[in-house]
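As given, the protein sequences belong to chains A and B, one line each in that order.
Note that our numbering gives residue 336 to position 336 of the first sequence, counting from 1, and the numbers run on in steps of one.
Note that our numbering gives residue 27 to position 27 of the second sequence, counting from 1, and the numbers run on in steps of one.
Be careful, since some hints might not be right.
[Claimed, not checked] Using C-beta positions, here's what the derived DEER-type ranges look like:
id: 1; chain 1: A; residue 1: S360; chain 2: B; residue 2: R144; range: 21 to 29 Å
id: 2; chain 1: A; residue 1: K347; chain 2: B; residue 2: P42; range: 15 to 23 Å
id: 3; chain 1: B; residue 1: P140; chain 2: A; residue 2: K451; range: 52 to 60 Å
id: 4; chain 1: A; residue 1: K511; chain 2: B; residue 2: T60; range: 31 to 39 Å
id: 5; chain 1: B; residue 1: P42; chain 2: A; residue 2: K319; range: 48 to 56 Å
Everything labelled a hint here was simulated from the structure, so no lab data went into it.
The C-beta atom is built at its ideal place from N, Cα and C for all residues, glycine as well.
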Amino acid sequence: MPTITFSLKDLQHLVGKKLAIEEVQELAHYGKGDFESYDEETDEMKIDFGDTNLPYLWSVEGFARLIRGILGMQKGIPEIKVLKGDYNVIVDKSVVKYRPFISCFAAKGKKVDDYLIKQLVQLQEKFCETYGRRRQKVSIGLYSYSRLKFPVHYRAVDPLSVEFVPLEFKAKMNLKEILAEHPKGKEYAWILEGFEKYPLLMDDKNEVMSLVPVINSNFTGKVEINDENLFFEATGTDKEAVDLAGSIFAYALYERGFEVYSVGIKYPDKKVVSPNMEINSISIKSGQINHLFGLELKENEVKRLLEKAQFQFDSHKVKIPPYRKDILHPYDIVEDIGIMYGFDKIKELPLETYTIGSTSKLNEFVDKVREIAVGLGYQEAMSPILTNKDLLYKKMNIEDFGTIEIEDCMSETYSVVRSWLLPNLMEVFSKNKHVEFPQRIFEEGLANTRKGENITEFNRIAIASSHEKAGYTEIRQVLDFIMKCFGLNYDIEETEHDSFIEGRVGRAIVKGKKVAYLGEINPVVLTNWGLEMPVAALELNLSEMFEVINR
Amino acid sequence: MKALSRKWRYEFDEKRTHRHMLRTQGTACSARMLASKDLQIPGKYFAIARCFRYDVVDATHLPDFFQTEGIVIEEGLNFKHLKGLLRMFAEEFAETDQIKITPGYFPFTEPSAELHAKHPDLGWIELGGSGIFRPEMVKPLLGREIPVLAWGIGIDRIAMFNLGIKDIRQLFSHDLEFLRNAKVI
Numbered sequence: 001m002p003t004i005t006f007s008l009k010d011l012q013h014l015v016g017k018k019l020a021i022e023e024v025q026e027l028a029h030y031g032k033g034d035f036e037s038y039d040e041e042t043d044e045m046k047i048d049f050g051d052t053n054l055p056y057l058w059s060v061e062g063f064a065r066l067i068r069g070i071l072g073m074q075k076g077i078p079e080i081k082v083l084k085g086d087y088n089v090i091v092d093k094s095v096v097k098y099r100p101f102i103s104c105f106a107a108k109g110k111k112v113d114d115y116l117i118k119q120l121v122q123l124q125e126k127f128c129e130t131y132g133r134r135r136q137k138v139s140i141g142l143y144s145y146s147r148l149k150f151p152v153h154y155r156a157v158d159p160l161s162v163e164f165v166p167l168e169f170k171a172k173m174n175l176k177e178i179l180a181e182h183p184k185g186k187e188y189a190w191i192l193e194g195f196e197k198y199p200l201l202m203d204d205k206n207e208v209m210s211l212v213p214v215i216n217s218n219f220t221g222k223v224e225i226n227d228e229n230l231f232f233e234a235t236g237t238d239k240e241a242v243d244l245a246g247s248i249f250a251y252a253l254y255e256r257g258f259e260v261y262s263v264g265i266k267y268p269d270k271k272v273v274s275p276n277m278e279i280n281s282i283s284i285k286s287g288q289i290n291h292l293f294g295l296e297l298k299e300n301e302v303k304r305l306l307e308k309a310q311f312q313f314d315s316h317k318v319k320i321p322p323y324r325k326d327i328l329h330p331y332d333i334v335e336d337i338g339i340m341y342g343f344d345k346i347k348e349l350p351l352e353t354y355t356i357g358s359t360s361k362l363n364e365f366v367d368k369v370r371e372i373a374v375g376l377g378y379q380e381a382m383s384p385i386l387t388n389k390d391l392l393y394k395k396m397n398i399e400d401f402g403t404i405e406i407e408d409c410m411s412e413t414y415s416v417v418r419s420w421l422l423p424n425l426m427e428v429f430s431k432n433k434h435v436e437f438p439q440r441i442f443e444e445g446l447a448n449t450r451k452g453e454n455i456t457e458f459n460r461i462a463i464a465s466s467h468e469k470a471g472y473t474e475i476r477q478v479l480d481f482i483m484k485c486f487g488l489n490y491d492i493e494e495t496e497h498d499s500f501i502e503g504r505v506g507r508a509i510v511k512g513k514k515v516a517y518l519g520e521i522n523p524v525v526l527t528n529w530g531l532e533m534p535v536a537a538l539e540l541n542l543s544e545m546f547e548v549i550n551r
Numbered sequence: 001m002k003a004l005s006r007k008w009r010y011e012f013d014e015k016r017t018h019r020h021m022l023r024t025q026g027t028a029c030s031a032r033m034l035a036s037k038d039l040q041i042p043g044k045y046f047a048i049a050r051c052f053r054y055d056v057v058d059a060t061h062l063p064d065f066f067q068t069e070g071i072v073i074e075e076g077l078n079f080k081h082l083k084g085l086l087r088m089f090a091e092e093f094a095e096t097d098q099i100k101i102t103p104g105y106f107p108f109t110e111p112s113a114e115l116h117a118k119h120p121d122l123g124w125i126e127l128g129g130s131g132i133f134r135p136e137m138v139k140p141l142l143g144r145e146i147p148v149l150a151w152g153i154g155i156d157r158i159a160m161f162n163l164g165i166k167d168i169r170q171l172f173s174h175d176l177e178f179l180r181n182a183k184v185i
């Protein structure tokens, strides 16, 4: 969820009103934001905006716009004037199959300072990383247009045929070299994987502006302090998302006092004017407000609330500002009506229908087994379900018997889903060598195994006892007691299992189902865990036992 | 069939949906319940589910953690009932009647709301998320639209408050001395 940083003074300036910190905190909730912090010394405020489909709020300009609506300082769709510019971008057909869409505008009339550059970069980064799917769907570039010769060309080129100096570098490199050597090249090379040609923006003097969506040129591709003529471009694979980037930036700069100029875009098959400020509309019915919120609102009240939320309302049609593409269904509008009405003003009602509650039968059974283990003097332990193969197999002296592995895991320690529980208990023993003996512990939980694409999930319980005289008889008595509690007869058959001592390990069978291993832990395993005290243990498949009981 | 909404308009890839994934939140359980033949209307259902996130382990994050979540399904329910339900949770779980319900965002609920409760020592804390399931979710699973109130609460956090634990890793502690002496609830 994007956290944005801005100066409180700047926010107050953009809103046109002094705001106390507590007020901003409250106002942020209207935009599904949570206040994070305010530093008095630097005047820096941080707010975390939770709605991943409302990127206009990831800029202080957007947040200020929302506040002006809430406070009634601006009603309906906020004004923006886009002046006709004489800038053109020519989209070559070579780029259409790689990254077909582009949105542009020019902005002038204000000097850029350090703070504004930081704000623009912040919006650009949050937009591209989150909404733009790490730049694959949308990427954004800002330039000083005084350094550009129009028309600008957007085309795809052979990666070895073009050289330019990328940002923060000194030497010219071809496009392959940039992807291999520049830090941004390495970071975003995956987007261009498999492309024969790479998308490129260049001006009319063939000066490269940007290797899209990776890196801009060190010469034309940056905005510096005191620049006053900006050129914006967003390219991508989704037309609506690219247009959205254009309208959000155009609004932000317009509200900062820039004049916004349109750019003509010549696609191979059509000409369009950018930025796209099209206003869409959607119909709502008053019954829908009552349905979701239980509120009977009069039409003029609905209109007032909608205008507060910066929509326009006209004969049941709601007009949506171009910087919002999150309206999928009339309910999305209705929610905004409810938010502007005030969630805290909506009454609470109790649930009145009587329903009979109960826990699931399997859980009841599992809880009984846990209680029995506690009754026998065993301490319950709990471990993460995610673990690693070293712990599950290597330390336990056995082969992998089918494990779910995580693609792209965060750390090796938590790289697989556990397939059995006894290793967790061995780990507990290994961490408590100096704690008083006897140590009797158990863990109950889910374990999964895999055969090819088939995954099986079981509730299991592992029970283990460690002290000088821990042995087969003790753990057998535990199993005996559990089985007796459920009125089950069972047999033990001799078996082999390398985690246990040969001849001191058995398998419990209930009504033909092999439900448990039990025995004395192999000294090899004890050594692997650095343990000196003997361990006797069992692992019981509770899901299968439950099935047997309910047969 | 008339489209329910404008949709997200990305290409739906059924093959991709067949890939196995560890659930990142408990709502997956509620969705299964809605599609289940055992579903009763009116009904209330809940689950306590282990959930998984791609997080670096620290004092507030574990690779897997618990969520409890549930649904109330009944004709005629609306946001007012959701608010009533959330208050009950705050009173029962966090033992406070000072609550705040603020707008939130979840892709599958509209409206969505967050529940905050005032903790005697820690001030305002977020207890969980909630909302009313979107028709785009309910109709395909159930065949018709009906109000479904949904809520989810991170129980590790509440357990930490109740046990006076500052580091979430202690909930999964392997320290036997600690476990032998820890308060149960």
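Now for the hints, and whether the structure bears them out:
1. S360/A - R144/B: 21 to 29 Å: holds, 26 Å
2. K347/A - P42/B: 15 to 23 Å: The hinted range 15 to 23 Å holds for K347/A and P42/B, with Cβ atoms some 21 Å apart.
3. P140/B - K451/A: 52 to 60 Å: Hint violated: Cβ distance 31 Å, outside 52 to 60 Å.
4. K511/A - T60/B: 31 to 39 Å: Distance hint for K511/A, T60/B is violated at roughly 46 Å.
5. P42/B - K319/A: 48 to 56 Å: Roughly 38 Å apart at Cβ, these two residues miss the hinted range, so it is violated.
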